[in-house]
Amino acid sequence: MQPKLAIGNLFLGSKIASKITPNSKKSAFLQAGPICLFLLALAAILSFTANLWVAQDPGYQDLISRLKPPFTKVGELNYYFGTDQLGRDVFSRLIHGGKISFAVGLITATLAMIIGGALGLIAAYFRGWQEAVILRVVDIQTAFPFLIVAIAIVSIVGSGLTTIITTLVIWLWTPFARLAHAKALIVKESEFYKAAISSGRSGFGLVSQHIVPNVVGSMMVVWTFIVAQTIIAESSMSYLGLGVPLSTPTWGSMLSEGRNYLENAWWIAVFPAFAIMLTVFCVNVFGDWLSDRIDPQTKKI
Amino acid sequence: MPQNNQTPIVEVSNLDVFFNTTQGQLHAIRSTSWSVSQGETLVILGESGAGKSVSVHAVSGLLPSTAKISGSIKFDGEQILGSDEESLRKLRAEKIGVIFQDPLAALDPCFKVGAQIAEIFTVHRGMSKKDAWDEAIKLLDSVQIPDPERRVNQFSHQLSGGQRQRVVIAMAIALSPTLLIADEPTTALDASVQVAVLELIKKLRNERKMAIVLITHNIGVAASIADRIAVMYGGRIVEIGDAKEVLQSPRHPYTQALLASMPKIGSSATERLVTITGTPPSLATIPGGCSFHTRCSRVIAKCSEVVPEIELNRSGSLHSFACHNPEGAN
Amino acid sequence: MTDSDTPLVQAIDLIKDYKIGPRGSRTNLRAADHVNLSIYRGRTLGVVGESGSGKSTVASILAKLLAPTAGSIQFDGTDIASLSGASLKKFRRRIQTVFQDPFSSLNPKMTVLKSISEPLVVHKVGTKQERIARVEELLVMVGLEPSYASRYPHQLSGGQAQRVSIARALALQPEFIILDEPISSLDLSIQAQILNLLKDLQQKFKLTYLFIGHDLGTVAFISDDIAVMESGKIVETGSVETIFKNPKHEYTKKLLSAVLDPTKDLGRFI
Chain A
0 MQPKLAIGNL FLGSKIASKI TPNSKKSAFL QAGPICLFLL ALAAILSFTA
50 NLWVAQDPGY QDLISRLKPP FTKVGELNYY FGTDQLGRDV FSRLIHGGKI
100 SFAVGLITAT LAMIIGGALG LIAAYFRGWQ EAVILRVVDI QTAFPFLIVA
150 IAIVSIVGSG LTTIITTLVI WLWTPFARLA HAKALIVKES EFYKAAISSG
200 RSGFGLVSQH IVPNVVGSMM VVWTFIVAQT IIAESSMSYL GLGVPLSTPT
250 WGSMLSEGRN YLENAWWIAV FPAFAIMLTV FCVNVFGDWL SDRIDPQTKK
300 I
Chain B
0 MPQNNQTPIV EVSNLDVFFN TTQGQLHAIR STSWSVSQGE TLVILGESGA
50 GKSVSVHAVS GLLPSTAKIS GSIKFDGEQI LGSDEESLRK LRAEKIGVIF
100 QDPLAALDPC FKVGAQIAEI FTVHRGMSKK DAWDEAIKLL DSVQIPDPER
150 RVNQFSHQLS GGQRQRVVIA MAIALSPTLL IADEPTTALD ASVQVAVLEL
200 IKKLRNERKM AIVLITHNIG VAASIADRIA VMYGGRIVEI GDAKEVLQSP
250 RHPYTQALLA SMPKIGSSAT ERLVTITGTP PSLATIPGGC SFHTRCSRVI
300 AKCSEVVPEI ELNRSGSLHS FACHNPEGAN
Chain C
0 MTDSDTPLVQ AIDLIKDYKI GPRGSRTNLR AADHVNLSIY RGRTLGVVGE
50 SGSGKSTVAS ILAKLLAPTA GSIQFDGTDI ASLSGASLKK FRRRIQTVFQ
100 DPFSSLNPKM TVLKSISEPL VVHKVGTKQE RIARVEELLV MVGLEPSYAS
150 RYPHQLSGGQ AQRVSIARAL ALQPEFIILD EPISSLDLSI QAQILNLLKD
200 LQQKFKLTYL FIGHDLGTVA FISDDIAVME SGKIVETGSV ETIFKNPKHE
250 YTKKLLSAVL DPTKDLGRFI
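Residue numbers (numbering that gives the first Met the number 0), protein chains in the order written: chain A, 0 to 300; chain B, 0 to 329; chain C, 0 to 269.
Take these hints with a grain of salt, some might be off.
What the hints assert, rightly or not - Under the rule of at most 30 Å between Cα atoms (straight-line distance), these lysine-lysine pairs were calculated in the DSS-like manner:
hint, chain 1, residue 1, chain 2, residue 2
1, A, K193, C, K88
2, B, K263, C, K252
3, C, K253, C, K198
4, C, K263, B, K243
Note that these hints are calculated values from the structure, not bench results.
Work out the full structure: start from the sequences and follow the hints.
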């Protein structure tokens, strides 16, 4: 497009769009976002209650029945997703493995949000040295490649669930801090904040009544994306042997073990790969939907 | 002043604009007709949501791709609605100049001011870079930017608001367009700068004999620069005619009320302003029948059912308006 | 129409300096330069100026949203420039503000009820029921249906949002209201409605206004006296009539000539 007309188009487009988009009246529950949320919740519940309903013991090794394809029946036992190289039931390991993925995802993202959010708010509210220090730490940390930090920590402390969660929280608090800081500053500049001060509000009241409610929505959106990132990160770490001990099934370790058998026993790696993909996909769709609800300006028309 | 017996530069007849939105089709602009001739300034006056920008930019081609236009748009006597993309693009680039409200948005902060103007010449006239820069300097001078040789090397943030708008005007007139569209060109400027920019537009129009369509919600601006005024409300033109007649003898109830609601210099401190109850509708919520009937003090039964017709207006001094129940005899 | 001879609000020699520029070569920007204003009870002082004139800075200082570099503010005989904490909070009941952007003035996460009752909550006025009643009373006062109390800002038009801001400003029955460009973001016909409302409220409650604006026409309509600002300084003050009929300062004359009147300036740029 010609230079002088291109800008005009963008400008006019947004001017018009803001005047002609009425609110959506589609039923809130039939949209993709809530459906994905429902599926995720279902998957998480199924994973956490795995002990109650999954028939096979994920650790039980039936060496005679190694590398059996999906839908194999051996005597009374149903191997829906086949068995792996040690004769363990892939289906059972998949469901049990979800426990770790969901747990790590939810706990890490929540901790990161609380810590990062608090630090971001402190930086924005006080400004001064608090802001300088916190933002500098955020900058430095963002510059560091995560995996190297993870390897360093694990090699010092040893692998395990708490290590993974701690490492991931240390990596992932920064986007929350940045966002909370940026959003809080926007609130501080707005006229309703000044009106609140004018009314006599101070300190804690300002933060709790005005800053937090206008920050928390975007934080939740980031939270969902961080959950997705954490699941992938945990899988990567397990894949590299940096995660939980190998006896506990996780999607990442299943992927790792299964890579050697891709040709003859694809199901060992493919099912956990799908699980990761679907979970992350659902989380992202939900996050997108949530984002549209929280910040309608960024919606696509 | 307009030359009366020639083909208008732009002649719009029964223009409708529809938008495809997620909620279905929106009928935004309804059957508007207007024209503007060489050397003439037509001001489209109205509040926000009236559809001024949408109806004018149907001509400039700057509407989003979700817009569907029907009716007739003639440029220099030729029908352009329905023409192929390439010739439309060429027409719009060469014959139409556009100025928007916010000069900061129109100027790229990463490039020198001179570069942005020069680019127009290198792209459209095939000039060499040196010649294009020389033209840029000449252009800055014609828009009354002092010290153009120095300014041409500056970035937009180094200029004041008024100077930026002059640069934008320079870019709009660079290829000597026959039509200049100014969309709220002075709204973001201080009052004294506004006067200077309007003076500049007057000077350029008289030098270059352009037709100008200026969109504004400011009655003072409309009065000072318009040859003719079209008052828009709810996606329609409700009154159109010579500036003096529309402002001093308004016939449509909306125009009358709008003019009365403006605080006049010298009014005493105890007077109250005449107001119109309610709020102007957005393009998505235009009432049926006459778009103004829900707020009109002269509303009758017919107004909510039948859209009042406005006489088709050619370039001339016919003062027309669309009302079922105007004051006095027609 | 003055109540007494002493002004209700006095800005005395206000100065506000900002240090701008990169470290190492900082320069001083004086946004308010020895500003002196007197505002009398029951009257409106209009402050006019273009962008960069410092009028909003002065408004923020008087609203105690910004600390002056120097100078004092007398409110009903007390110097409030140096007040803070609990003693300042007492004065906040008597001084309120209305801002320019109707949507930025309301917390998007709060209902109209919550926004308007916030001053009451902060100063612990009334029980919950009493506050709801008061909010409904205020809504009617500013020309809105009481049912608007449950709406969110995005469900309001610009004019309605601005009325809510005005209602909030009236909640604590203040004496002095600072209005910083309160109608600049509104459509013409809505501006007229809000101007009328402000005038009515002033008469009804004997309010004192400081009205900041950039359009001489509107400021003149609502003001009794006008102060003209340029580059941080007050260049001229006087009654509305004096300023318009007999302007003395060059800048005032320049501003006056920039006012476009539909009758007098018809065809000025043809």
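Open item on the list: If you test the structure against every hint from before, which numbers come out violated?
Closed with: Of the numbered hints, all hold.
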